[in-house]
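Student: Residue-level listing of the chains:
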Amino acid sequence: MSKIVPLSEAIRRYVNNGDTIYAAGFTHLIPFAAGHEMIRQGCRDLVLARATPDLIYDQMVAAGCARKVIFSYMGNPGVGSLRFVRAETEAGKLEWEEYSHFGMISRLQAGATGLPFMPMNPTAAGDLERANSHYRTVTDPYSGREVVVVPALNPDVAIVHVQRADAEGNAHIWGIIGEQKEAAFAASRVILTAEEIVSEEIIRSDPNRTLIPGFIVDAVCHVPYCAHPSYTQGFYDRDNAFYLEWDEISKTPQGVQSYLDEWVFGVKDRVEYWEKLGPAVHERLKVGIRPSAVVNYGRY
Amino acid sequence: MSQTTTYSSSELLTINAARLLRDGDVVFVGVGLPNLACNLARRTHAPNLLMIYEAGVIGAQPARLPLSIGDPTLVSGALAVCSMYDIFAFYLQRGNVDVGFLGGAQIDRFGNINATVIGSYEHPKVRLPGSGGSMEISAWANRCYILTPHQKRRFPEKVDFRTSAGFLNDRTERDAAHLRGEGPQAIVTDLGILEPDENGELVLAALHPGATVEQARANTGWPLRAAEEIRFTEAPTEQELHILRSELDPDGIYLKE
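For the record, the sequence lines run as chains D and S.
The numbering of the first sequence is my numbering, which starts it at 1 and goes up by one.
The numbering of the second sequence is my numbering, which starts it at 301 and goes up by one.
Hints were generated in silico from the structure; no laboratory data involved.
Possibly wrong hints are sitting among the right ones.
Listed below are the simulated BS3-like cross-link pairs for lysine-lysine, each with C-alpha atoms no more than 25 Å apart in a straight line [unchecked claim]:
hint	chain 1	residue 1	chain 2	residue 2
1	D	Lys93	S	Lys425
2	D	Lys68	D	Lys93
3	S	Lys458	S	Lys425
4	D	Lys276	D	Lys251
5	S	Lys458	D	Lys68
6	D	Lys3	D	Lys276
7	D	Lys93	D	Lys251
8	D	Lys251	S	Lys452
9	D	Lys68	D	Lys286
Computed Cβ-Cβ distance ranges for the label pairs, DEER-style [said to hold, decoys possible]:
hint	chain 1	residue 1	chain 2	residue 2	range
10	D	Ala280	S	Glu529	52 to 62 Å
11	D	Asn132	S	Asp470	41 to 51 Å
12	S	Glu528	D	Gln254	51 to 61 Å
13	S	Lys425	D	Pro291	30 to 40 Å
14	S	His423	D	Gly64	16 to 26 Å
15	S	Thr305	D	Thr113	47 to 57 Å
16	S	Leu379	D	Gly114	43 to 53 Å
17	S	His423	D	Ser258	23 to 33 Å
18	D	Ser143	S	Asp470	45 to 55 Å
19	S	Asp551	D	Glu196	26 to 36 Å
20	S	Asp497	D	Ser292	31 to 41 Å
21	D	Glu245	S	Glu422	25 to 35 Å
Here are a few chain S residues that sit away from chain D, every Cβ distance over 10 Å (derived from the structure) [claimed, not checked]:
hint	residue
22	Ala346
23	Leu392
24	Glu534
25	Ile543
Virtual Cβ for every residue (Gly too), placed ideally from N, Cα, C.
Start from the sequences, fold in the hints, and give me the full structure.
Tutor: Laid out in structure tokens, this is it:
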């Protein structure tokens, strides 16, 4: 059964005010188009969870969508500070819950595998464990030593961008596969965005590449260039220039407001956004071909 | 001191970091200077260095200088790509990483690092990015190296927040925590190299050309002791500088200053 719907419809149907959202992707495949759609629809009081909030959550926080962030690295990757999330937390206007990368991803791993918590070896850096009461210790029943534990994270909604999916949501991903699979399995509802919608036959031609099975997916949205200014491996490059530019834009609330007015509220959807970026940007983000060798699954 | 070649502080840090790497090391690497140090080591004395990125990339051979830790150039041509959980669990926690690079706003007398907040945690004066991978890297990589400019505000007696463990209050305390890693082994600055003594206290072990013990002391927030036999690092060589400037960072993105 086809689950294909426009992205705006998927957000309307599956995202409620107050929800915990995990928009997945470690630098790669960050679903910016979905973030922009949540801003356009005026989503409020969201709990935004991501290992790296990245610009997508900086923009959503600036637009007033969030009441809390859950994160493990609050920076603009390769550039510096994430100005809005930082200013709001410093001013006490935004709640936060903080982990190390491994703590964050262990929470998602527990959520995705149906476990109540996940153990980790101790790191002896106790300050974060004292600051965040979700960090606990338990005794390993086998050795008697202490291990650190974090509780399962089960977001209300996971949003996952992929290179290609079929109409049911069986999805192929390649490149950096940070936590897309974990987020999808951990969440109650899954919105999938895809660069390409392909036939089931394409998916079945390479089953090892299917990270997300369609039966856990609620909506499939065809959104080319969804990840810009993040990237999609093999489709378009990371827009490093924009990550640097955001550092300037986000220096003032006015700068952010005019960005949102022009690039989020000023366009209807991702198609308009991509056209507005213009041919020079399209050209700059083009990537060359470097295919993998074909694998033979065999006929049996 | 006579000096035929000039070089920037970043070049000095990168070259000295590269020299600490051994052939065959598995290195958990970040972008910026550590990435350049690893690539320099690979092109000089450590051709079998294996680079692992926290984005889940193993054996990367970047064709261009990556700006972010998750740059697509790290993936194309890599040996393997895995999930974030896998990179921290199978690779780091399991004990497959020899070297980790760390950075932070503050490093204290016992090598503890703060990358989280200046001031109090609940009401920070400055909110920094936070741990990322460093909490686990400092605990589980066999050896850790820290690259930092030598400034008093970066070297307080005690850090405001322990994002990652050095030797805690002294070496016996780290030993008692049974961490698999040996902790910070060298802090490379633009003046020299600090190393932990038998108690885990950082002492001045080496000076770069032209730098003095007094300079290092004046720029350290605790009464810095000098090792009994202080070493002097060799100035960056023409070959090292040539590789950095012509091959690794031709536009001077990381190495200008």
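Student: Which earlier hints can't be squared with this structure?
Tutor: Of the numbered hints given earlier, those the structure breaks are 5, 6, 8, 9, 11, 13, 16, 18, 20, 23, listed in rising order.
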